[in-house]
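Peer 1: For the record, the sequence lines run as chains Z, H, E and C.
In terms of the numbering used here, the first sequence is residues 1 to 1002.
In terms of the numbering used here, the second sequence is residues 10001 to 10158.
In terms of the numbering used here, the third sequence is residues 20001 to 20557.
In terms of the numbering used here, the fourth sequence is residues 30001 to 30264.
Keep in mind that the hints are not guaranteed to be accurate.
With a cut-off of at most 27 Å between alpha-carbon atoms, the simulated BS3-like pairs for lysine-lysine come out as follows [as the list claims (entries may be wrong)]: (1) E:Lys20500 x Z:Lys165; (2) E:Lys20409 x E:Lys20427; (3) E:Lys20113 x C:Lys30124; (4) Z:Lys206 x C:Lys30222; (5) H:Lys10073 x Z:Lys574; (6) C:Lys30233 x Z:Lys241; (7) Z:Lys3 x Z:Lys647; (8) E:Lys20486 x E:Lys20538; (9) H:Lys10145 x C:Lys30261; (10) C:Lys30132 x E:Lys20109; (11) Z:Lys379 x Z:Lys768; (12) C:Lys30156 x C:Lys30264; (13) E:Lys20538 x C:Lys30156; (14) Z:Lys712 x Z:Lys626; (15) H:Lys10148 x H:Lys10119; (16) E:Lys20486 x C:Lys30264; (17) E:Lys20486 x C:Lys30159.
Hints were generated in silico from the structure; no laboratory data involved.
Given next are the chains, with one letter for each unit.
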Amino acid sequence: MEKIGAVLVIGGGIAGIQSALDLAESGYKVYVTEKTTGIGGVMAQLDKTFPTNDCSMCILSPKLVEAGRHPNIELLINANILKLDGEAGNFKLNILRKALFINSEKCTGCGICGQECPVESIDIYNEHMVINSAAFVKYPQSVPLVFSINKDMCIGCGICQAVCKAHAVEYFQQDEEININVGAIILAPGFDEFDPAPLQVYGYGKYPNVVSSIEFERILSASGPYSGMVLRPSDGDIPEKVAFLQCIGSRDVHHAKPYCSSVCCMYTAKEAVIAKEHQHQVNPTIFSMDIRAYGKDFDKYIIRAQDEYGIRYIRSRISSIEENPRNNNLILNYESEDGSLISEEYNMVVLSVGLNPPDDAIKLSKIFGFELNEYNFCKTDHFTPSKTSKSGIFVCGAFAAPKDIPESVIQASASAAHANILLHSARNSLVTKKVYPPEINVEGQAPRIGIFVCHCGTNIGGYVDVPSVVEYAKNLENVEYAEDNLYTCSADTQIKIVETIKEHNLNRVIVASCTPRTHEPLFQETIREAGLNPYLFEMANIRDQCSWVHMHVPIAATDKSKDLVRMAVSKANKIEPLQRTILDMNHNVLVIGGGISGLSAALGFAEQGFMTYLVEKTTELGGHAKNIHASIEGNNVQEFLSNIIEKANKNENLKIFLESEIDTIEGFVGNFETKLKSSENKENDEGTLEHGIIVVATGGEQYQPTEYLYSKDPRVVTQIDFEKMLFESKFDEKVNKIVMIQCIGSRNEKNPYCSRVCCAEAIKNSIKLKDLYPEKEVIVLFRDIRTYGLKEKYYREARSKGVMFLRFEEDLPPELEKEGENLVIHVDSPNIGKVDLELDLLVLSVGIHPPYESNEKMAPMLKVPLNDDKFFLEAHVKLRPVDFATAGIFVCGLAHSPRSIDESIMQANAVVSRASTYLSKDEIEAEGIIATVDISKCSGCGLCIETCAYNAITMDEEKMVVEINSGLCKGCGACVSSCRGLAIDLLGYTDEEIYLVINEFK
Amino acid sequence: MEDTEKTEEIQVIAPTDKVTDENWEPKIIAFLCNWCSYAGADLAGVSRIQYPPNVRVVRVPCSGRINPLFILKSLQVGWDSVLVSGCHPGDCHYISGNYYARRKFSVLDDLFEFMGIDKGRVNFSWVSAAEGAAFANIIEKVTEKTRKLGPNRLFKEL
Amino acid sequence: MDEIRIGVFVCHCGTNIAGFVDVASIEEYVKTLPHVVFTQRNLYTCSETGLLAIKNGIKENNLNRVIVAACTPRTHEPLFRGICSEMGLNPYFFEFVNIREQCSWVHQKEKEKATSKARDLVRMGVARAALLEPLEKFQIDVEPSTLIIGGGISGMSAASVLANQGFHVIIVEKDTELGGQLRNLHRLYPGDMDSQKMLSIREEILKNPKIEVHISSKIKNIDGYIGNFDITVLKGEKEIKFGVGTIIVATGTDVLKPKGLYNYDGKKVITQKELELLFKENQFNSKNIVMIQCVGSRNEERPYCSSICCMTAMKNARVIKEKNPDAEVFILNRDIYTSGTYQEEFYREARKMGVIFTRYNESKLPQVTEDSVIYYNESLKEDVEIKYDLVVLSTPLVTYHEESKKLSKMLKVPLDEFGFFLEAHVKLRPVDFSNDGIFVCGTCKWPANVPESISQGYAAASRVTRIISKDTFTVEGATAWIDQEKCIACEICLKKCPYKAITRDEEDRVIVRTVLCKCCGVCSTTCPEHAIDIRHYKDNQVESQITALLEEGEWIE
Amino acid sequence: MTESKSESEKEFEPKILGFLCNWCSYAGADLAGVSRNQYPPNVRVIRLMCSGRVDPNFVIDALIKGADGILILGCHLGDCHYGEGNYEAQANYKMVDKLLKFVKLDNRVTLDWVSAAEGTYFAKIVTDFTNKIRSLGPSPLSKKSNPSIEIQLKMKAVKQVVYNPRIRKLVGRERNITLNENVYEEIIDKDEFDLLLNETLEAEYVRNQIYFHLEESPKSVKEISNKMGIDKKIIFEQLLVLRQRSLIDLSEIKGYSPVYKVKK
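Extracted from the complex, chain Z is given alone in its bound form:
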């Protein structure tokens, strides 16, 4: 059965888009179906994202625009799946595209229909808090930017069809069924947030000042209903006291979902911090049980929230809310830690709602035939976390289990990796490389500029006197041709532009219309089809930054348009053609570190036929996982480990170097050369390895405790030692009372982060003990139990089996005292006060910390940064979690941050997919706009080397001048303005061009 080199991605959220981009870049045709009328999912509704407080739109919309314009990606909006048949490698799907009543080919997204529509309807994007028209776009930066008609709100008055200059409105558009043929399917339908209304107790929907967290997210957003001000819905005042209630709809066996939704603790902290930032009068208080800040830099965020922003945390679960009718305030009754009953009045309450499986989960599972787990999320196997029960169908994002954006992006790339492995034989089969006519050489030619001024229906023409701008443009320097069009971006006008270029043999083109951010690639593509170098093009934004914002002063708007066109012409006179540097791509891969992550990544490459070298420092493979017998879910880790090691040894595309270390690494993406040396630095006969990609999987080490008499008294052990006793039946039956202490070596001054796995480890071992010896007594002393996600059920199981949990505060840790022979622990717990526990065995839950010396040696060698906890620092915590800023180098496993085995495997697969975007090509095209250095002016001071975030600049030792690696340079220009000798310039934005524009002041 012949494999199809195409993939269907279900769901246009951040996960769906990330997997689509990875696969499109790896040579596959990708279809993305999106239920609503625009991609972006829930992330598009967020104002800021934790832990960096990034503006969600700033980091998301470039990815959406890229997906919208990618030649290999086809977006099918307003669509859902009807039928599936076929099997892995060759699926046939029947998709229903619901009518939009507006032809998306013709619609230019100008928005006149929405403006003139007399009907006001509710805007779902803004959670029903803003009004919208019946003809609407999902949100202003939607991709694709096409309008649609909400049929139930529309009264059919016909005005939108009349005012639409592009004749795009089609009232009789029918739903359309299309059939597509793909090799693999990736499920990324995301989640539905829990609707708190059924829980009458919290008064959501009844009391106006009780809002859900997603509604509060819109309130915080500058484009939201209150323009970013934190106000109360009941009277528009600033709420002084705001309460955030955690675990609404999560960790609730009776009324809602038993699992933990993983992200609420963090997004609540962020919403509280941003609310405080927007309105200093706001004093947020967060009511939670545990604070589950388990991810990278999460704990630091919580500490900053408390210290710097004064966010108050109260450890108590609110049972009910009443409203004080006089002022719509809300009265919260709760039991404080020490048991006293408190009643407090708050101006506003935000319910941190959990994540439910999407409402069409059951329907999808029926159509596709994959299994759901007990919570109706998609069932996955522990050691292959992105594979569903049906082969050829993979899953990523919140539909697999509630997870935050970085984990979703990792799993998106991981699922793309599985698709890669399945279909790599059919790579590039359905992807047509566009053929362009030969590029005309314009060197030495005098500039002959053509200008196309757009009316954009009435959006520009209605306010700016377009004909007078065209007249004005005609007699500017070197302007050969100027005309105006109704819609310059429409398909027929592209053909006209190509003809005009040939007819008047123009060698520079200027389009005065809307924003270059979305339309520059489109016009560059068009002039390339006319044989012109795409960089011989300049845009003047006379719509979004002129006609639309100066509607009441048309004369001034027309003058401004003339200025902008004049400035574009002056720049156009100086621009030069640019070539994108081509680098050849060596298809071999070097994986450093032989733990589970290293092995999984190495196998991911080898199975696609890429030659992979695996370097392991110690004498055997397995890394940290060697000490783990079982996961908390009960999967046999040792058995999995031996299978994977056996598979690795057998795979002939995989060459393993034990007891070896990296000696030197030279080169850059696609052209690395590495010399190995054996651990005891014996000579190594392997010579230098040539490869294109590097994967850092150097893992982490267990903290060796010095406190609590560890290694001084045999009765003090770590969880690993305890696990060995239990699983290798070496447990001394005389031991009756066991005490465990959490957060040893984590969340303290030296390691201010949570090691994420110790809670699960402690609970796994306690359950194992209680199963073997039910009568033994186990007490766990903890600061927070962070069994996030679907692990919550085991925390409940441990409690039901008699394991006792006692909380202690960070500043009052338990003290161990040796009275004669027996050991006593003094604990001062907030809920039951001081207590002394005699014990026979003390188990310390020790954290994971990075291998400090080897990381500090490896980082400068690879020229990649470490974060202040000395873990490796990835390019972007949210959207490029496994890439380094330096192209071609990736990181996964404990080297990135502490994580569980399945999460490490997921990250390893993610690296495979990310690297495949390079490995799938024989040569890679670098940026066209790059910096170049004039060595006659370079004084070799090296300031630019530090400035460059992409390590694209290196010092040429003999000539003592700098060199710029065009393959790595991203064209940001930071080095240009840092250079004292004006030796560096940025092609496409040269100093000369910018000065010319500045001189255009009239």
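Assemble chains H, E and C onto chain Z, guided by the hints.
Peer 2: Below, chains H, E and C without anything else, positioned relative to chain Z:
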């Protein structure tokens, strides 16, 4: 509010008119970083938020690209004031571009003061892609501030 | 704009006004109003002396606005407008204030209040006069030719009348020959004339050089307006384009084939049309004939009477009786409609010849079995069975629904609920459409017999002659006008204009074809952007009258 | 020789504006004249070609200028010289009537049909209407009853609603989509449309009042709510719409309440 008669437009000098004091309108050049501030300016357009027409935008890849000499040159050529706007810290598409910009411009501020250039003529701001209204407010404030400062005669007398 | 100089002529109208309104005080008061430079009172302003007074007033004081406060504008406005244009003053600079029918005559017992009302009315008139603008009535040239759609008897009649007056006529007929339904008829009542003789008109048409006939061709597209219609006709594959001044719709109707009623099979149970065919090919030899009236009409689906079936049935019955006197002919009917003198006579003769008319009730319809018709006889109060060897069903005329719908869209003329064309006014403009230059005649408007169709044809021809007999068509000056700056092209006005005067031009802008605009002003009130104003009834003119309702200072700024 | 001031003080003489259509009601009025039917002299007539030409703007303007009553007379439905002009008059009147209910002035405007042959009926209508207005007393907006700032602001809001393109579009398309067919060839249920129109009228009316209150002086939600006697939540929601259309802006924050001002 759409009032009954047609709103009369502010009479703005056509490019070729001689600059006389009474019908003078400030001219402001703005260097906007492509990924955040330029996107914020576009959002103000998409949401049809009106702001004064005195600004002419120059798009650069990153605020890190803006060379202090551009600012000086702009004032020298006659622009009445300069606005430089980049991404909020942490948002930068090129990771650290805007950190360098911030440090450079804080030094520049003192230099301009030392050179006797009125502080109001050079403005720095950080606008994200979602802050359309914020961008419009900044433009209004800078335009009003420049209007109060009057035409830029600094380098004319040199 | 030169200075506004208003002259006000207040009329006594004998005692009709002066008797009940203090005309002198009105004249004094008017002097105080802005822009008024001349006032005068006349006994009878509409008399010769009155008109002369106005002419002199205009000349001596070079007035550029004239106001007459007298009777109702509906009668004398054209008269005074004529005087103004005689004096070289644009007729639209004239304003009429009604202080007789709507003041003095109806407030005879309250002179004071009547005078105060008259003062207000004149003040309002002066306020409006100050804002009046000059308008031109203008001419558009007219193509002296007519397109007739449909070559049936009524279309042919209209064509022959017009051709004989020397006008160029074009007939478009979708069938392969002219004649329409007439070709299927055997004999015509009342004089039993042979239908073929009536068809003689067909040869006359074909011979007439003034008439251009296109058979088996259909109308593809119609654009333009009165005097300047551009027509595209589709003849097989070929397209013929030509221009005409006027259009007559005479598309006719067809006889309903009563599928599924009284188990009609076209052999033993046939329609009147099929019966006449038998006569023409003289294959008729049945002895016992039962006719059933109102088959498929005056019921739920078609609740109208087709008015010709009764006479047709009786005509055919008499033909049968003539051929074979002892043939048995029953006519089962609900009512017999024979209006007018000769039709009633025709009905009495049929009975004399032995045709048996029996009544059936709508609630109990007759049944037609293999060989007999069973109907419930009201008087005998029981079912009666009649043996038959032929049943003839009288079915109604029905429209060619699809073609009419397409044609109505092209001509932008309305259809009624049954698909018949809807004339401008059932009584006063029976063969006109409300759109200028388009007329209708024959059964496509409503079922009609041959004489009625012919007379309607002639009527339509005479209505056409009024237009194409003159080489220009004068158009009202006061029309709607669209300000393209404000117009967002939402097409509310376009859909609302009863005269389809608003349309899209080549640059896709919404414009008013002033030639068709009747200045009712509806488009202006419904325009959401206030982009349309009506010349001579402009918003600011009406608002000036509203403001002038109260004395200066009496209303709040 | 105008009436002496004191005399008119005694019994109130309403001043009524009449809009008559040229073809039917104006002719009817003339017939009343020809047949010497007597009726009170309080109506001042403006002749328009069709009752469909009576722009809602004219009616509101007349009320603001102090007319005590407004009488709109067109042809009987089906008789209109221009086909369906009077149906438009009816649709416009229905909208104006709903709107004037907000300021309790709806009883001062009426719409009726008079054919060219109904002279006596015309006289009867004028007589009845004049008496009704006389019983109502002078219009609260006329100078005699020196109108409060409050009612004047409300009328400014009403005028802005009638001027609002959204309302005029709904009224403009009402008959097409509730009688013959909308663009989907369906017919919109009459009451459903009325509900939509009512909601739109009410919303725009409240928004305009908020705008004019802010035009007077910057205020907070609480202050506007006290002035208008409407619940703070609704005021806040409508105020957000004005902000979304960038007609108003934040002026300052007093304590915990933001204060808004009109954007010039």
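Peer 1: If a hint holds in the structure, say so; if it does not, say that too.
Peer 2: For each hint, the structure was consulted:
1. For a cut-off of 27 Å, the pair hint linking E:Lys20500 to Z:Lys165 stands: about 22 Å separates their Cα positions.
2. Distance restraint check for E:Lys20409 and E:Lys20427: the Cα-Cα separation of roughly 24 Å lies within the 27 Å cut-off, and the hinted pair is therefore satisfied.
3. Of the supplied pair hints, the one linking E:Lys20113 and C:Lys30124 holds, its CA atoms being roughly 19 Å apart against a limit of 27 Å.
4. The hinted pair formed by Z:Lys206 and C:Lys30222 meets the criterion: a straight-line CA distance of about 22 Å does not exceed 27 Å.
5. For the given pair, H:Lys10073 sits about 18 Å from Z:Lys574 by alpha-carbon distance, which is consistent with the 27 Å threshold.
6. With a C-alpha separation of about 19 Å, the suggested pairing of C:Lys30233 with Z:Lys241 holds against the 27 Å cut-off.
7. For the proposed pair Z:Lys3 and Z:Lys647, the alpha carbon gap of about 25 Å is at most 27 Å, so the pair holds.
8. Between E:Lys20486 and E:Lys20538 the alpha-carbon distance is near 16 Å, which keeps this suggested pair within the 27 Å criterion.
9. A distance of roughly 20 Å separates the Cα atoms of H:Lys10145 and C:Lys30261; the hinted pair therefore holds under the 27 Å criterion.
10. Restraint check for C:Lys30132 and E:Lys20109: the C-alpha separation of about 21 Å stays at or below 27 Å, so the hint holds.
11. Simply put, Z:Lys379 and Z:Lys768 have alpha-carbon atoms about 25 Å apart, close enough for the 27 Å limit, and the pair holds.
12. About 18 Å separates the Cα atoms of C:Lys30156 and C:Lys30264, which keeps this hinted pair within 27 Å; it holds.
13. Our distance criterion of 27 Å between C-alpha atoms is met by E:Lys20538 and C:Lys30156, whose separation comes to about 22 Å.
14. For the hint pairing Z:Lys712 with Z:Lys626, the CA-to-CA distance comes to about 25 Å; that is within 27 Å, so the pair holds.
15. Note on H:Lys10148 and H:Lys10119: the hinted pairing holds, with a Cα-Cα distance of about 13 Å set against a maximum of 27 Å.
16. Note on E:Lys20486 and C:Lys30264: the hinted pairing holds, with a Cα-Cα distance of about 21 Å set against a maximum of 27 Å.
17. Between E:Lys20486 and C:Lys30159 the CA atoms are separated by roughly 20 Å; this keeps the pair inside 27 Å, and the hint holds.
In this structure, every one of the numbered hints holds.
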